[in-house]
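Protein chains in written order, with the working numbering: chain D, 4 to 459; chain S, 4 to 459.
Hint data in this document are derived by calculation from the structure and do not stem from the laboratory.
Be a bit skeptical, because a hint or two may be false.
So, partial list: chain D residues that the calculated Cβ filter (under 7 Å) puts toward chain S [to be verified]: (1) Gln9; (2) Leu11; (3) Pro93; (4) Pro94; (5) Leu97; (6) Gly141; (7) Ala222; (8) Leu234; (9) Val283; (10) Gln287; (11) Gly309; (12) Ala315.
Glycine included, every Cβ here is placed at the ideal spot set by N, Cα and C.
Chain by chain, the residues run as shown.
2 protein chains.
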Amino acid sequence: MSDVDQYLQQHGPRFEEELCDLLRIPSVSADSTHKADVRRAGEWVAGQFRGLGFKTEICETPGHPIVYAESLGVPGAPTVLVYGHYDVQPPDPLNEWKTPPFEPTRRDGNLYARGATDDKGQMFTHIKSAEAWIKTAGKLPINVKYLIEGEEEVGSEHLEHFIATNKDRLKSDVVVISDTSQFAAGVPAITYGLRGIAYFELKLTGPKQDLHSGSFGGAVTNPAIALSKMLAALIDADGRIQVPGFYDDVTTLTDEERKQFAALPFDEAGFKKQIGVDAVTGEQGFTTQERKSARPTFDINGLTSGYQGEGAKTVLPARASAKFSFRLVPKQDPKKIQAALEAQLKKLCPPGIRLELVSHHGAPGVVVPLDSPYVAAAARAIEHGFGRAPVYMREGGSIPVVSTFRQQLGVDTLLLGWGLDDDNTHSPNEKFCLADFHRGIRTSAHLWKELAAVKS
Amino acid sequence: MSDVDQYLQQHGPRFEEELCDLLRIPSVSADSTHKADVRRAGEWVAGQFRGLGFKTEICETPGHPIVYAESLGVPGAPTVLVYGHYDVQPPDPLNEWKTPPFEPTRRDGNLYARGATDDKGQMFTHIKSAEAWIKTAGKLPINVKYLIEGEEEVGSEHLEHFIATNKDRLKSDVVVISDTSQFAAGVPAITYGLRGIAYFELKLTGPKQDLHSGSFGGAVTNPAIALSKMLAALIDADGRIQVPGFYDDVTTLTDEERKQFAALPFDEAGFKKQIGVDAVTGEQGFTTQERKSARPTFDINGLTSGYQGEGAKTVLPARASAKFSFRLVPKQDPKKIQAALEAQLKKLCPPGIRLELVSHHGAPGVVVPLDSPYVAAAARAIEHGFGRAPVYMREGGSIPVVSTFRQQLGVDTLLLGWGLDDDNTHSPNEKFCLADFHRGIRTSAHLWKELAAVKS
Numbered sequence: 004m005s006d007v008d009q010y011l012q013q014h015g016p017r018f019e020e021e022l023c024d025l026l027r028i029p030s031v032s033a034d035s036t037h038k039a040d041v042r043r044a045g046e047w048v049a050g051q052f053r054g055l056g057f058k059t060e061i062c063e064t065p066g067h068p069i070v071y072a073e074s075l076g077v078p079g080a081p082t083v084l085v086y087g088h089y090d091v092q093p094p095d096p097l098n099e100w101k102t103p104p105f106e107p108t109r110r111d112g113n114l115y116a117r118g119a120t121d122d123k124g125q126m127f128t129h130i131k132s133a134e135a136w137i138k139t140a141g142k143l144p145i146n147v148k149y150l151i152e153g154e155e156e157v158g159s160e161h162l163e164h165f166i167a168t169n170k171d172r173l174k175s176d177v178v179v180i181s182d183t184s185q186f187a188a189g190v191p192a193i194t195y196g197l198r199g200i201a202y203f204e205l206k207l208t209g210p211k212q213d214l215h216s217g218s219f220g221g222a223v224t225n226p227a228i229a230l231s232k233m234l235a236a237l238i239d240a241d242g243r244i245q246v247p248g249f250y251d252d253v254t255t256l257t258d259e260e261r262k263q264f265a266a267l268p269f270d271e272a273g274f275k276k277q278i279g280v281d282a283v284t285g286e287q288g289f290t291t292q293e294r295k296s297a298r299p300t301f302d303i304n305g306l307t308s309g310y311q312g313e314g315a316k317t318v319l320p321a322r323a324s325a326k327f328s329f330r331l332v333p334k335q336d337p338k339k340i341q342a343a344l345e346a347q348l349k350k351l352c353p354p355g356i357r358l359e360l361v362s363h364h365g366a367p368g369v370v371v372p373l374d375s376p377y378v379a380a381a382a383r384a385i386e387h388g389f390g391r392a393p394v395y396m397r398e399g400g401s402i403p404v405v406s407t408f409r410q411q412l413g414v415d416t417l418l419l420g421w422g423l424d425d426d427n428t429h430s431p432n433e434k435f436c437l438a439d440f441h442r443g444i445r446t447s448a449h450l451w452k453e454l455a456a457v458k459s
Numbered sequence: 004m005s006d007v008d009q010y011l012q013q014h015g016p017r018f019e020e021e022l023c024d025l026l027r028i029p030s031v032s033a034d035s036t037h038k039a040d041v042r043r044a045g046e047w048v049a050g051q052f053r054g055l056g057f058k059t060e061i062c063e064t065p066g067h068p069i070v071y072a073e074s075l076g077v078p079g080a081p082t083v084l085v086y087g088h089y090d091v092q093p094p095d096p097l098n099e100w101k102t103p104p105f106e107p108t109r110r111d112g113n114l115y116a117r118g119a120t121d122d123k124g125q126m127f128t129h130i131k132s133a134e135a136w137i138k139t140a141g142k143l144p145i146n147v148k149y150l151i152e153g154e155e156e157v158g159s160e161h162l163e164h165f166i167a168t169n170k171d172r173l174k175s176d177v178v179v180i181s182d183t184s185q186f187a188a189g190v191p192a193i194t195y196g197l198r199g200i201a202y203f204e205l206k207l208t209g210p211k212q213d214l215h216s217g218s219f220g221g222a223v224t225n226p227a228i229a230l231s232k233m234l235a236a237l238i239d240a241d242g243r244i245q246v247p248g249f250y251d252d253v254t255t256l257t258d259e260e261r262k263q264f265a266a267l268p269f270d271e272a273g274f275k276k277q278i279g280v281d282a283v284t285g286e287q288g289f290t291t292q293e294r295k296s297a298r299p300t301f302d303i304n305g306l307t308s309g310y311q312g313e314g315a316k317t318v319l320p321a322r323a324s325a326k327f328s329f330r331l332v333p334k335q336d337p338k339k340i341q342a343a344l345e346a347q348l349k350k351l352c353p354p355g356i357r358l359e360l361v362s363h364h365g366a367p368g369v370v371v372p373l374d375s376p377y378v379a380a381a382a383r384a385i386e387h388g389f390g391r392a393p394v395y396m397r398e399g400g401s402i403p404v405v406s407t408f409r410q411q412l413g414v415d416t417l418l419l420g421w422g423l424d425d426d427n428t429h430s431p432n433e434k435f436c437l438a439d440f441h442r443g444i445r446t447s448a449h450l451w452k453e454l455a456a457v458k459s
């Protein structure tokens, strides 16, 4: 491994430059005006695999393409499937970025750009680690398959179909994903639980067009008031979600799990300072760690109605809408939640208002077993790369594909995150710590060897 | 009067063209990018008065200028003060206009443009009626003063100071304002009551920037949820406003008043069809007519938070804000309402949220006495102009200056509206019925003679 490690050290600066090239492509999958940019990012990734001599294909979908590549030159060794995504979240609000989102900028040892950690930077570590093996040992010590998609930030709409219709091609012993975080700076982690998600948009329509609030106010249901009342009714003062049946399938946290959460080196004062709030809040009876990773939640993601310009406009708006989402814990079924929500919203909708509920995407939560030889192998690789054994944690975000891999391919996923909690993923000024980028590549390079040693 | 009437008939088409010139100026007072346009509209109006030989002045204010003009050539005759405004509401949402808001377009006997009725078109009728007298009789039969401002749509911020410091100049026997509506098409009205207004913007801030709703959701107060809950708490299911003391100064409607409301020729089915709702709603225990003109109300005018673009973004927004307003009835004090609201919002604000309440503008409601000789004179003029005696009604909108005139100058106001309820004021596709434009000019021309005959 010393050749590999030396190669990584020597070529590190070039790896950063290559990552910057990818980060300059505004591959915003949610925004149809960026359709060509998303494809360009996919082609860039495919070019990397071709450069390593991998069998590479850009697989078309009705949406953005999937990049698939494989190197199967080690008969008898296990096969690892690496999943990642080359699309990014929208950069809004643009005016809050210190430097433009698609002009990667180094500051204080970090690289700032949309997608720096989520997921271009993290995904790229598993490509550069492969390069190091090929350029030094001539080949990888293990069989690898890469599945890099362009629709993760819009709900991976066409991924499940692709996996279901390519089961043989994707057959593998274990999946590796780097799209999560370390527990804290210098505290690497293996994430063994993820929340699911059910994301909706509620559109209310009242009068057929905006009205003068003086002449009509008081006699017509105001859609923005109806929206406020309906949303307010979805969660009570104790932070409990008010959709009938919502908690039916929520597993109670065991004493053992709660002890583990309490044992994590979490600094609540630092957490509050990091995000700039003077109080943490949430569901009564649970700690911040439990609330943000192991309990289901309700969040409003966007509100739109009426006049939003400068000054005052005395309008009674024709429409009001909200984007909102529930984070789900394992065993909660997004489809069941959607049906219960729809029934509840219909009940809450006042006279004079027409309701439309759009489902943007849904995915169940997942918990992966910790007692596997692959987890032990990953822990050893992390110790090599980060100089410290990982902690084991659950993460509040969602990576829907993890449960798809379990269901369709029968394999578990290693969630090995190089990011940090304050990386501003999905927010302005997203960043990736450059030292962690290089530690991630080193860990990945060791991971290929450690996984190869597992008896399959 | 036959000379005057003949002149009006002959020059009617030119009056329409002149009005179109004024409507082409996008004098949106709320939008600072239109500052120069607002001034241009004021100068255009001043040019009209200069053309009639009136003593004319463009009076500067810290905001948009006030146009003042007078013609005092009839010693012994009463003096009438005409108030109007040359600024307009913002045209948003632009994509709902059938033809552009600042390209006046004739369709089905109507003239479509922002400001067509509110208030450029209506205000202009009192200029053209003066022209007809001057061009035929050589002079007006009465003394006139015109006060035409450019900040009505943003709360007339500098008007009260102007009136208070120009009391002698503005001294008059009666005020005339045409900025209201007929009761219905072909049913002209004298409006004797107006609602007041208190308009606010509530800005909530949670975390210092947008967060990933997966990683942080559940552990931090979501400002958009806080906003929904606070707004929802301001009005109950019976349409009663939940601000302590809000109804303290609300006068109970008398049986006589309720009988008058019930006697108005109001078509509720037609009203629902006009605005496109399948149900009318509002404060329990009151009729639609009472709700929209004689009862106080709460309306949300705008909502803003988080991601409002296409598709889904899993963001926990840093901020959420709402523009909202109360319509007030006479005797309710906007300042008292503001203080009570502020206290209530502070009480409702959850931990983890910082609150800012901006007061955009406030004005009390007003009721003017019906038993005056000026009202009788106006009724006769309307019969000449519209061929039918007016009904007497209260209007739900606010014209704050009416109570200022009462307080500062000690005079009452004649509210003579030529508009219609479906003119889409403050909404896309604002219009003015061209026949009513001409009827308004004719009524105004007769009004000068009728008012001149009142013994002061």
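Exercise. Quick check: which numbered hints come out false for this structure?
Worked result: 1, 2, 4, 5, 6, 10
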